[in-house]
Amino acid sequence: MATVIHTQDLAVSFDGQTPVFAGLNIAIEEGEFVTVVGVSGAGKSTLLRVIADLIPPFRGSVKVDAPRVDPTRRQIAMVFQAANLMPWRRVADNITLGLEGIDVSDTVKRERVTRTLALVGLDDYGDRWPHQLSGGQRQRIGIARALAVEPDILLMDEPFGALDAITRTGLQDELLRIWQETRKSILFVTHDIEEAVYLGDRVLLLGDTPARIVNEYPVAIDRSARRESEAFVRRVDEVRSGLQDAITAAAATP
Amino acid sequence: MKQTPRYVLAASGLLGFLLVWEAIARSGWIEVHLLPPPSSLPSSLLSEIQAGYWQSMVVASLRHYAAGFVLGSLLGVSLGVSVALFPRVEASQAWLARVFRPIPPLAWIPFAIIWFGITETAAAFIISIGIFWINYFTAMAAVQAVDKDLIEVARAFGHRSFLALLRKVILPGAAPGILSGLRAGLGQGWMTVVAAELFGIAGIGQRMIEASGLLASEVVVLYMFSIALLYGASDYVFVHIQSRILAWQR
Chain A
185 MATVIHTQDL AVSFDGQTPV FAGLNIAIEE GEFVTVVGVS GAGKSTLLRV
235 IADLIPPFRG SVKVDAPRVD PTRRQIAMVF QAANLMPWRR VADNITLGLE
285 GIDVSDTVKR ERVTRTLALV GLDDYGDRWP HQLSGGQRQR IGIARALAVE
335 PDILLMDEPF GALDAITRTG LQDELLRIWQ ETRKSILFVT HDIEEAVYLG
385 DRVLLLGDTP ARIVNEYPVA IDRSARRESE AFVRRVDEVR SGLQDAITAA
435 AATP
Chain B
1092 MKQTPRYVLA ASGLLGFLLV WEAIARSGWI EVHLLPPPSS LPSSLLSEIQ
1142 AGYWQSMVVA SLRHYAAGFV LGSLLGVSLG VSVALFPRVE ASQAWLARVF
1192 RPIPPLAWIP FAIIWFGITE TAAAFIISIG IFWINYFTAM AAVQAVDKDL
1242 IEVARAFGHR SFLALLRKVI LPGAAPGILS GLRAGLGQGW MTVVAAELFG
1292 IAGIGQRMIE ASGLLASEVV VLYMFSIALL YGASDYVFVH IQSRILAWQR
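Chains A and B, in that order, give the protein sequences.
Residue 438, in this note's numbering, is where the first sequence stops; the numbers in between run on with no holes.
Residue 1341, in this note's numbering, is where the second sequence stops; the numbers in between run on with no holes.
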């Protein structure tokens, strides 16, 4: 398996002096689902943004290696916490946002819209305006928009954070299904430990000041039985106490 | 109890007003040139139309109005947008705007005459000033209020150049604000049309001054209502266009 994201000694700083995190070394393998939890303010969202090249690294480097080069695709796509659809674009035009400016014919655009809408279970919603959708539906369109560019890497920033518990559970299972169908590499940030353990192949714990990966938990539990298994509960507890330690440590730092 | 439809109440309010006015005007308490009865308006409209005044004055005023509207709106929106986009421009205009903003459009009349003479250009210039400021400030605020998260989304999906962001996020995002500024300008324009024509440029304002000089006050009232009608019509058309452009809003 090839490494698709590789950060080396990565640091980000907003004021050019104090780093949000420092010396971050992360490697994501092709097709892997990695979740990130951490102390708030540890820079979980920032990590995704620097990988997506939305903000520059302060020190160190991000290397993104995608297996194939295809002009109709983008290497990376991102799903945001608030779906952030453009309210003046119909659903279908929101989905094609990332296809504008790359070499994609209108026919292919329409195909991708149809395919990704089916993938997120909103087949007939292409003509709607975003304000006609529920929060969960909007979030699905945000996922469809990311899948439409057929990325190798999907960066997800607390995508289900603002949803009610039932919608959230449904979308988690849907995401796993999509992941199993499309085999993207996913880096998923969340503050919900159960979600992190339920979704991830492994869970990275971000803590300390400046933040670094303080621990890593391989999950390795069969996904079909994951939510009910005892091993799942144990792993959740493990991560939770790890996070608790990190929070205590953060509070002790002056 | 059955509820009276809103338009019935609205119509009866207007009708009641006209009746009271008619009654007072006919009672003989007030001289007729001080308060002409509304019933005198149709015949005065007819005679103004027959003499060809009404059409030519309305057309002339519309011409000044349209020129002033287009000029003021174009400059106001484009400068307002640029100010919001570039912090250096924003900083350099801060005091300038503070100095020039409070000067009312009518205070520009002397310079309008000095620069352009008694011409239609002078009228359009005066009309454009009030419209300019409204659009300048609303466009600026509208662009500043564009959701920064949407700009980040567009960047994340590969739209990184300034022009792409302007086209895909900033202008559509600011459109509701810009359009409401244009609409406010539409009303502001009519307020200055009459004043801009008072000093001799052919149009509704000039005709009103002529008529008042002859104590033909029913003609003055006629043109006052003509302005209301023209404003109502232009606003109606604009709102129609606006709601088409902003169909995406709830």
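Please keep in mind that the hints were generated in silico from the structure rather than gathered at the bench.
Please note that a few of the clues may not be correct.
Here are the in silico distance ranges between beta carbons for each label pair [as the list claims (entries may be wrong)]:
#, chain 1, residue 1, chain 2, residue 2, range
1, A, Gly-244, B, Glu-1181, 46 to 56 angstroms
2, A, Ala-302, B, Ala-1236, 45 to 55 angstroms
3, A, Asp-311, B, Pro-1193, 40 to 50 angstroms
4, B, Phe-1316, A, Ala-302, 52 to 62 angstroms
5, B, Glu-1181, A, Ser-408, 50 to 60 angstroms
6, A, Ala-302, B, Val-1161, 46 to 56 angstroms
7, B, Ile-1336, A, Ala-302, 49 to 59 angstroms
Backbone N, C-alpha and C fix where the C-beta goes; we use that ideal spot for every residue, glycine too.
Checklist entry - Going through the earlier hints one by one, which of them does the structure break, listed in rising order? => result 1, 2, 7
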